[in-house]
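Q: Sequence:
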Amino acid sequence: MARLRPRASSRPPVNWAGVDEEFLVICPYCGEAVEIFLEADLAGSLIQDCEVCCRPWLVRITGEASGRRVDVSRADGSD
182 MARLRPRASS RPPVNWAGVD EEFLVICPYC GEAVEIFLEA DLAGSLIQDC EVCCRPWLVR
242 ITGEASGRRV DVSRADGSD
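Heads up, our numbering is the position in the sequence shown plus 181, with the first residue counted as 1.
Worth double-checking, as some hints may not be accurate.
Unchecked claim - Across the chosen pairs, the derived CB separations fall in these ranges:
#	residue 1	residue 2	range
1	259	222	26 to 32 angstroms
2	205	243	15 to 21 angstroms
3	252	232	14 to 20 angstroms
4	211	248	28 to 34 angstroms
5	225	255	15 to 21 angstroms
6	241	214	29 to 35 angstroms
7	259	221	28 to 34 angstroms
8	260	205	29 to 35 angstroms
9	221	257	24 to 30 angstroms
It is worth saying that the hints were derived from the structure and are not from the lab.
Ideal Cβ positions, reconstructed from N, Cα and C, are used throughout, including at glycine.
Construct all of the structure, not just a fragment, from the sequences and the given hints.
A: Structure follows, in structure tokens:
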């Protein structure tokens, strides 16, 4: 299961409320690094396609604010 990390940024810290977050993820199919954007209030699971190979990811978002955890796995059942 690939893990997402917040992307390093030179931007100053911002208020959490209403701010989207940018993450860098490694596709569990093709191995390419892809940036995804998640809204601050988004939680649970969603399906998103890889921008490189177009295969579906299952994106799981847990936690809150800076303690948020995002996991990406294959969504086609081939794990």
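Q: Each hint should be assessed against the structure and marked as holding or not.
A: Taking the hints in turn, this is what the structure says about them:
1. 259 with 222: 26 to 32 angstroms: Given a distance of about 31 angstroms, which is inside 26 to 32 angstroms, the answer is holds.
2. 205 with 243: 15 to 21 angstroms: holds, 18 angstroms
3. 252 with 232: 14 to 20 angstroms: holds, 18 angstroms
4. 211 with 248: 28 to 34 angstroms: holds, 29 angstroms
5. 225 with 255: 15 to 21 angstroms: holds, 18 angstroms
6. 241 with 214: 29 to 35 angstroms: violated, 19 angstroms
7. 259 with 221: 28 to 34 angstroms: holds, 31 angstroms
8. 260 with 205: 29 to 35 angstroms: violated, 21 angstroms
9. 221 with 257: 24 to 30 angstroms: holds, 29 angstroms
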